Every structure is written in structure tokens, then in C-alpha cells.
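**Student:** Given only the sequences and the hints, what does the whole structure look like? Please build it.
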Amino acid sequence: MQDTVVVQMVNITKHFPGVLANDSVNLILHKGEVLALLGENGAGKSTLMNMLVGLYRPDSGEIYVNGKLAEIHSPQNSMALGIGMIHQEFMLVGNMTVAENIVLGMKGLQLIPPLDEIKAKIRELSTRYSLSVNPDKYIQELSVGEQQRVEILKLLYRGAQILILDEPTAVLTPGESRDLNEIIKKMLAEGKSAIFITHKMDEVMEFSHTVQVLRKGKCINIVPTNTIKKIQDLANMMVGRDVLFTLDRGPYHPTGTKLEVRNLTIKLPGSNRAALENVSFRVNGGEILGIAGVAGNGQQELTEAITGLRRITSGEVLINGKNLTNHPPLDVIKNGVSHIPADRGKMGIVGDMSVGDNLAMKKYRTRELSNHLVIKKNKMRSFADRLIKVFGIKTPTRETCAKFLSGGNIQKTILAREMDNCKGILIAVYPSRGLDVGATETVRQNLIKQRDSGSAVLLVSEELEELQMVADKIAVMFEGQIMGILDVKDATTEALGLMMTGVSRRQA
Amino acid sequence: MNIFDFITKLLAVTLAMGTSLTYATLGEVFTEKTGILNLGMEGVMLLGALTGFVTVYFTSSLALGLLVAMLCGAVLSFIHAFLCITMRANQVVSGLAITMFGSGLANYLGQRLGPASNNFNMAGMNLPTKFNDIAIPGLSKIPVFGALFDVSILTYFLYILLPLAWVFMYKTKFGLSVRAVGENPHTAAAMGIPVSLTRYVYTTIGGAFAGLGGACLSLAFTPSWNENMTGGKGWIVIALVIFSGWNPGKVVIGTLVFGGITSLQFSLQAAGLKMFIPSQFLSIAPYFITLIVLSAMTIINQSKKGSFASPAALGSSFAIDDK
Amino acid sequence: MMTFLVPVCSLIISLLLGAIVLRASGANPLKAYFAMLRGAFGSRTKFQYTIREAIPLLMCGLAVGIAFKLKFWNIGAEGQYVFGVIGITWVMQFWTWLPKGMMLPVALLMSLVFGAFWGGIPGVLKAQWKIDETLTTLMMNYIATGIAEYLYITRWKAPRGNMGTVDYPSYAWLPSFWGKIHYGVFFAIALVFILYFVMYKTRWGFELNMIGKNPRAAECQGVSIKKNIILAMLLSGAIAGLAGGIEAAAVTHSLTKGVDNGYGFTGIIIAWMGGLNPFGSILVSILMAALKTGSDALKIMKLPAAMGDVLQGLILLPLLAGSIFTDYKLLFIKKQVAVGEAKK
Chain A
12 MQDTVVVQMV NITKHFPGVL ANDSVNLILH KGEVLALLGE NGAGKSTLMN MLVGLYRPDS
72 GEIYVNGKLA EIHSPQNSMA LGIGMIHQEF MLVGNMTVAE NIVLGMKGLQ LIPPLDEIKA
132 KIRELSTRYS LSVNPDKYIQ ELSVGEQQRV EILKLLYRGA QILILDEPTA VLTPGESRDL
192 NEIIKKMLAE GKSAIFITHK MDEVMEFSHT VQVLRKGKCI NIVPTNTIKK IQDLANMMVG
252 RDVLFTLDRG PYHPTGTKLE VRNLTIKLPG SNRAALENVS FRVNGGEILG IAGVAGNGQQ
312 ELTEAITGLR RITSGEVLIN GKNLTNHPPL DVIKNGVSHI PADRGKMGIV GDMSVGDNLA
372 MKKYRTRELS NHLVIKKNKM RSFADRLIKV FGIKTPTRET CAKFLSGGNI QKTILAREMD
432 NCKGILIAVY PSRGLDVGAT ETVRQNLIKQ RDSGSAVLLV SEELEELQMV ADKIAVMFEG
492 QIMGILDVKD ATTEALGLMM TGVSRRQA
Chain B
22 MNIFDFITKL LAVTLAMGTS LTYATLGEVF TEKTGILNLG MEGVMLLGAL TGFVTVYFTS
82 SLALGLLVAM LCGAVLSFIH AFLCITMRAN QVVSGLAITM FGSGLANYLG QRLGPASNNF
142 NMAGMNLPTK FNDIAIPGLS KIPVFGALFD VSILTYFLYI LLPLAWVFMY KTKFGLSVRA
202 VGENPHTAAA MGIPVSLTRY VYTTIGGAFA GLGGACLSLA FTPSWNENMT GGKGWIVIAL
262 VIFSGWNPGK VVIGTLVFGG ITSLQFSLQA AGLKMFIPSQ FLSIAPYFIT LIVLSAMTII
322 NQSKKGSFAS PAALGSSFAI DDK
Chain C
121 MMTFLVPVCS LIISLLLGAI VLRASGANPL KAYFAMLRGA FGSRTKFQYT IREAIPLLMC
181 GLAVGIAFKL KFWNIGAEGQ YVFGVIGITW VMQFWTWLPK GMMLPVALLM SLVFGAFWGG
241 IPGVLKAQWK IDETLTTLMM NYIATGIAEY LYITRWKAPR GNMGTVDYPS YAWLPSFWGK
301 IHYGVFFAIA LVFILYFVMY KTRWGFELNM IGKNPRAAEC QGVSIKKNII LAMLLSGAIA
361 GLAGGIEAAA VTHSLTKGVD NGYGFTGIII AWMGGLNPFG SILVSILMAA LKTGSDALKI
421 MKLPAAMGDV LQGLILLPLL AGSIFTDYKL LFIKKQVAVG EAKK
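Chains as they are written, first to last, in this note's numbering: chain A, 12 to 519; chain B, 22 to 344; chain C, 121 to 464.
Simulated from the structure, these hints should not be mistaken for laboratory data.
Warning: the hint list may mix true and false statements.
Stated by the list, open to error - Per label pair, the in silico range of CB-to-CB distance: (1) C:L125 with B:F178: 29 to 35 Å; (2) C:I140 with B:P184: 41 to 47 Å; (3) A:D127 with B:I274: 29 to 35 Å; (4) C:K346 with A:Y263: 51 to 57 Å.
To be verified - Result set (DMTMM-like, lysine to aspartate or glutamate): computed pairs, CA atoms no more than 20 Å apart in a straight line: (5) C:K347 with A:D342; (6) A:K333 with A:D354; (7) B:K194 with A:E128; (8) A:K240 with A:D213; (9) C:K189 with A:D363; (10) A:K388 with A:E410; (11) A:K405 with A:D342; (12) C:K419 with B:E248; (13) A:K400 with A:E410; (14) B:K192 with A:D147; (15) A:K227 with A:D70; (16) A:K196 with A:E410; (17) C:K321 with A:E379; (18) A:K500 with A:E474; (19) C:K191 with C:D287; (20) C:K321 with A:E410; (21) A:K227 with A:D447; (22) A:K42 with A:E217; (23) A:K197 with A:E217; (24) A:K211 with A:D190; (25) C:K422 with B:E248; (26) B:K192 with A:E128; (27) B:K194 with A:D127; (28) B:K192 with A:D127; (29) C:K346 with A:D342; (30) C:K191 with A:D363.
This one's a predicted model, so the numbers in the text were calculated from it and none came from an experiment.
Every residue gets a Cβ at the ideal spot worked out from N, C-alpha and C, and that includes glycine.
**Tutor:** So this is what it looks like as C-alpha cells:
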């Protein structure tokens, strides 16, 4: 590790209405090193980095780049200083080519950009850093891993020396993560430096030289990664208390099959690819079946097929023995299926309606809350109050618009609605995505409670540790197929990782 | 009259009327490509028609007339841009308001600015000068296609403008920015492109072209002014934008087809042909065709994503702080 | 509080802007506005005219409001209105075999059905094939007007006189009860109450609200988007058609030139200004009606009646600008003017 300091942030403070996002935070990045910025959601890591790339201005404090005081007003400013960021949601235009995306908005671009020269330079960089990508392809044709490579190329093309990556391995398979590691190592060898924003401990251990922990806007600790003996210590620093790594669960006593899927195939219109191919599995009452795999391998299509939101080309969905293939969502709901959808904002709640209204969305048709045509408003109010209390939903009032709640409380609203009187089958898709540790614990505890009370739970998750902690059996999906189903005691990270890259296993 | 003469006449009328539609459609293509829907087209065109007419009536300068028409179109569309971009208003309602205001204003002025001898009404007044067709010797004598070379200067200019617009959109860095802004404004902003400014610029320029399109009606096609003389062409423009897949290079296909159908009525009358179809139905034809074409295009679009899809961010507002 | 302040300020601003237009074209704004005020409310008869004018406006506003609740941009209320008039004319002119007492109710019903049909078509196009409704409803306006024109100029033309059909049989006219104001006003008010009830108190209203605010989440909860879009458009078209039927039965007594008089378009403003709340629409429709009758009075001052249209547009513009205040919460942060989270 070299001694040159490339970036120094001194006493950075940033306010947002009602919250102190960064409280006198100091940060030092050395040349040729990877610094991991670790913290929960809301700890202030993204805010800090957004100031480094000119998306926000600090209220007080200074930033020094290569020893000189820097005023970073805009992303173009920071790029001129050699600092670039790859956001969690890629900044790419789907219907433009790789080459077009890479030069978009570049300073000094000619009126009619010489595409041949540009593509040649892209290819040269690709080889140098092992970032294979075809400059002529449209972004929407690329896989997520390839898109990430385009983002990296974009920064390298513009001469970035300092790269900031926001949760980079969230969208990668274990294999792709290793590839990323190689790419980063090549960049470091050329004198570049990197900052990883993350909340995953394994990312910290695998990639970084130094880890800086933020909590509630303050810098808690800065340690060299190789001095960390126990991951548990890291987790505790991040959260401020002892973190649970195991959960209490009842004995595994599965009852009859409640949810069954047979040879489910979904072909996409206008393409040869199948979103799902011959997927079959069963979930029994009192059992949690986890579905592992990087997002985009058919999980969304699978859960949509089961809940009636997507047309099935062939195969069957059986709910409590009844064939409900291609039945509308209302039938599926009436037959006892509760669904916690992948995208809580877009599918789980109606943001512009009140918390009370959102809580009532499952039951408003029933005698409990309405009669024939009219909704009984006072029944709805007491129903909402009860759920808010039982599930600990933090909201100013029951009339507050749901979109103003924090991510964790929105999820609690959805949980409350779906789990209250769950009729036996629960489908939960990425339920703890984006939640802090406390909310995540609540979600997992509730999943286990449902299972212990006899429900069949289908849990789709990107986090292998979550599945290993919560599920009884784990299936891995890759390119629309089930690669294998393992009992949780056999589901080591290696075994699962292998299946996630397409190596199939006979079913356990 | 033989069939060739009839087609030649049809082509000539189509070109004359299509010129007006083409300018406006081109403008709206750029506006919508940056993500702003301007339903005020009808009002902008009518206002352009009126202001162009009035200016030429009083100054006898065609150039000035065009300039004023473009300016008024630009200003009216600028208001729409201001409401939608800075004030985050609903783009559909704003466009309708602009149509109401623009049309109302045009009609009002049309009844106020005329000579006292005609009750201050502009309707029915004659222009001192208008855009005449200029025939290119030799070329204009070619059967049928000769009509392409016997058009007004406004149409000739389009022969150059359309390919240039295509190059601008797909080969220059400005076109790149335009496409990015309309497809993914967050990304464009992150890459340093001034999203709001881009939208303002192209909405205003789009309005200028629409105003020019309106002036083409009152100064070239039927050199006169009548209340509501655009008769719904502004709405057809909106459909034409969809029909051309938001691609300047394809705009001409739509205007030829639609211009052709609309001019069919004129041409049939000119040819003295008996009309089997009642004239009212013929006048509905453009709107009916628009409806059919729109429906067909939408259904086709849904299967392929590439060439015919609308700009993803069309109609939605954008701000850096939006989550 | 903003929801009250903004429309009032917009009204004031639009009057100021209108004054500028008047001044610039050589008229005295104050005189013009007073003439308009007198024209709208100056005498008992004038007041009645204004209220009478407000009835179809209110109904069109309600019709459009239902669709808007679903974020379905029904620009076609005009065409649905016209088609409704075609419907009632058909019964009035050709169903002469009906007993006299049945004529009016059946005729009104037919205007409702015709309007529903005309509104249902774009609804189906959107629900089934996702075809954008802004243009389809718009095109349907022109098609309806064209069909109407064909009918009253050729097929259904009255043998003598100007452009139009024969008058409806007088026993089937919707009578007035106070000067110019006819019983249609009760229909309109009743509709306000009914729609308020439906939108805010029923299960269907709850579902419509869900669809308008987040159709994907509504779908996840089992709400059928397709069915509801079609139903809502049938209802929307029906009310607009009924508006046409009532106006024809009470005022024009025939299908003539000028049947497309802009009620449908103004209905859009009314729906929007009334905040999509049925009760708000009452006040706004009276305002719009006053603009119309008031600007007719401008002819005496030798001013074009088109001023009314100008003012209509002018009212909307500041209102739209003001939507940033009603829809968003402005947060002013030191050295950074940021527009914060959406409020409503």
C-alpha cells in the first residue's frame, strides 16, 4: 500500500430536513487501495459519496483531492478531478448502444462523434482490464453483469483514477464477484483506487484493504481489513449492538403439500428464450422453501405465475390441490395465497393512499370491512389501528400517505396486511431488501412464525445467508430452471454458488 | 382528366397541405423525444396561422410573416414548457389549456385586428402576396413526380430540412443528448446533461416549427384566414409523431399518407368526380384513419421494442431530487 | 389551505392577464368585465340562463372526473355528448309508436346508452390493447360530429328550415320549472351526490382509487384493471351522453348545427379545477357557465365572443402553475432551493 493520499474528506457535515446525514465525518483514501464504507441503510455512506461526486454539497467541511482543496459542484466537476461513481441503479440508457452510453455527455465531444475511434478505444480498454463487452450492443440486450462492466468502462474511458462502487456485488453471482475482484486488482495495479459502499460483511472481507464503519451519520471506526478476526465484531460495530445470526425456530414438521408447481414453462413473446423452463417443486405446510439465485433468473416470473399476474405457457399451478393455472389474481387470493411482492413501492402499496387504506386492501371485500357495496369506514379504522399496534408500524397517523413511511415500515405494512389471518400459503419475494437490521429481523421472525403456525412459505431471496438462516429447503434458479433443491443442512455457500452459475444437481 | 393527371394533382395538393403538417410534426417529434408531450399543437398552429396572416396583411412581407408566426409558436410552447418543467404541471391538461388559450386568442385576434371596413374581422380578407409555387424547369414536367418540383419554397426547404433533422438526431452529440433525456432523464442528468434546459429548448423550437406549420396553411395552402382553420390538424400531428416512430426520417411517410387522404376530397372535387361517399364521411376520414393507424401501431409496437417504441420518459416530470 | 388559495389566486391572475389582452386590442378591460358580469348575473333571466348553461357543463365535468380518477384521459366527452344527442334524436324522431308518457324517459335512456357506447370504445381499446386514450377519445369527437352532421344535413334533415332535424314532439320536452331553468338541474345535482357516494364510500370507488394511484399494486390485490377501465368509461360516456340528451330535451329540442359546442372540453377544465371532487365541480361549472353567457354579452361592446375562450384558457394556465403548490411540499433549504417530497 502506497503512502500517497488521493482523497481526504475532513469534518464533513450534511443536513437534510429532519435528519443529520453526516456528522463531522473524516475519510482518507490511499493510492492503490480499496476502502470499504460499511454501514446500514441510512448510515450516511451514500450521502458522503454523493458529495464526493458532486451530487450534493456539504454544509461544512473540506474535500482534498491529491492534496489540493476541491470544490465539487457537479458530476462533471468530479470527473474532471478523476473521481467517478457506479450507482446501485445503473445510469445507462437502454435503447442506446454501449458506445453511445460511454460517451454520453462527455466534455469535449465532437459535434459528430467519430464512432469508429470511440469503439476502438473501448475495445482497447476492455482488453486491458478484462472487461469484455461489445460496443455495438444495445444496453437492454446485456446481462446485469455486462451492464456493470459498461459502467466501469464509462469511468475508465473518461480517465477516472478513483472509482466509487455502490453495493457492486448485489447483482452478481459468486463467480461474477470473483471476476470483479480480478478487474479491481488490475485497476489497482495501474495506480487507481476504489471505495466500496456496502452493507455486506463478505464484500468487505473479500475486496477491501481498509474498512470504515459508519453508523447514524458518524464514523465509528476505521480498521485495516486484515486485522478483523471475527465478522461478528464488524456486524456489531455496524449496528451498535449484538446482531442475531441465528433465529429461534420450531421443529421441522411438514404437513401436506399446499403449493405445487409442475413443469411450469413461460415463453417470452417475440423471443426464443423461456423465462421459466419446466420448473417443478412442492411446498408443504409448516415448511419454508427458499429460492436462491441472482435476480433476473426467473424468480419474478415464477412468483407472478403463481399469483396469477403472468400468463403461463404450459405447466400447472396447484394451490391446496386445486388447479389454478392462469386464473386471475383474485382467485388465487381467495384460495388463501398471500403475496409479499418484490418491489414494495410499485407493487406492494399504493403510495398515495393512506396507511389505513393500504392495510385494508386485502380484506375490503370481506364481510369484516364492507357489506355488498359500501365500505364500513369505522370498521376499517379499527382494523387498521389493530394492525398498526400488533405489527409495530411506525406512522404519524393511520391517514398518513403510505409513501412517507420508511422502507422498513412500508414493509411492515405489507407484512401486516398479508400475514394477518394468512390462509396457509405465503409467497415472499426479496422481503428484506433494503431494510436495516432491525426491520430485517422482524421480517425473518414473522416468516418463521407463519411457518410454525402451519403455513407453506415460499421465500425468494438474493441473500444466501438469509436463506440458510430461515429456510428448511433451498432451491436454486438459473436461467429459468431449477438447478437443484437442497436440504438446508446440505446447502453450503459453495454448493449453492456452484448451482447459481448453472451447474445442476440432482434434486435432494 | 386522365388518371395520371389526377394523381399528379393529388400529389401536388398533398405536398402543399403536407408541408404544414410536416413542419409541425417535425417540431413535435423533437419535443416528445425529450420527454415532453405538447398537446397544445392545435392552438399553436392556429395562432401561427393567424399571426402569419396578419403580419403579411399589414407588412406585405412574407419573410416577416413567417418569423412572427414562428415567434408566437415558440412563445406559446415556452409557456407550456414552463408549466410542465418548472411548475411540474400535468402535461396533458397543460397541453389542452394551451390549445384552448391559443385557439381562443387566435380567433379573438382574428375578429379584432381586421380593417374597420370588414367589422374588424380578418376573415375573408385578401393577402397582398402569398407563397407561390416555383417550378424547376425540366424536372417539373416529369409525369406524376414532376409535382415534387413544382412546389412552394416552404416545401423545397423541407427537402433539405428533413434529412438534416435525421442526421442531427442520430449522428450528432446533441441528438444523443436529446434521446438520452427522453429515455432516461436520471441517467442523462448524472452524465451532466442539463435535462430541464434541453426540454425547454426543444419544446420551444418545436413550437416555432408548429407555428411555421400553421403559417403554411394561411399563407400558402389556402391563403386566407378563417376561424378554427386548422380544423383539428394539430391533433393529427400528434398521431403523426407516433406514426413516424419519433424518427425525423420517417415523418414524411405519415404526412404523405395523411396529406393524401385529406387532399383526396379536394382533388375529387377538382376532378369533377362524383362522390360516392358523402362529403361528411370524407371529412371524417383523416380522423378515422388516425384512429385505426394509432391502434395498429400500438399493437405492433408492443411486440418489438426497438424502432417504434416511445421515449420512455414521455409525459412524466423530472427533478433531481425525485426519488 | 393551498387547495383554496391557489384557485383564487389563479382567478385573479387570469383576470389580470385577460385585461392585458383586452387592453392590447383596444378595449377597456373594466368595462368588458362588468359587461360580462352583467351578462351572466345581471338580471333574473340572465341568471337563469347562466344556471341553465351550467347544467350540461356540470354533467360533463362529472363524466370526465370519473375517468380522470383512473388517470384515464377522457378528452372525448364532447363526442360522447354528441353521440348522446344522436341517440335521443333517434328515439324522439322515429319511435313515435311509444306511448306519450314513455317518450321522454326512453329517449333520455337512449342518450345514456349511446354515450356509454361511444365512451366504451376507447375504454376497450385501452383495456384490451393498451392503446393510448388521449388520441382515441379525441378522434372519436371528430367522428361523432361528422356522423351527426351527416345525419342532420341529409338523412334526418327537417324538410324545411335550416340545418337540423325536426323538433322533438312537444309532449316529450323536458320542462322548465323556474323561468329558463329546467328539471335537468335536479338530475345534475343528484348525480353529484351519487358520484360522491360511489367514489368515496363504495368498494368500487376504493378500487378505482387504487387503479388511479397505482395500477400494478391494485392488480396484485386482485382488482381487474381491464374490467374497471371499461366500466368507468361506460359510466363516463353515459353521463356525457345523458348531458347531451338533457340539453337536447330541455333546450334545443333537436339535433342541429352547433351540437358540438365545447361542453365536453370545458368539462375537462371543470373536472380538473374541481379537484376531481364532485362537489367542487358545482362551483366551477357555474363559473364556466358565467364565462360563456358573460362573453356573449361582449357582442354589444363589439368585442368578439372568443374572449370567453381566451379567458377560459387563461384561468387554467396559472392554475396549472399553481399545481406545484398543491401537489408538492416546497422545502426551502439554505443555499439550496429543493423541491421536496410529493405531498398529496
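**Student:** Which numbered hints does this structure break?
**Tutor:** Checked against the structure, the hints that fail are numbers 1, 4, 6, 11, 16 and 19, while the rest are satisfied.
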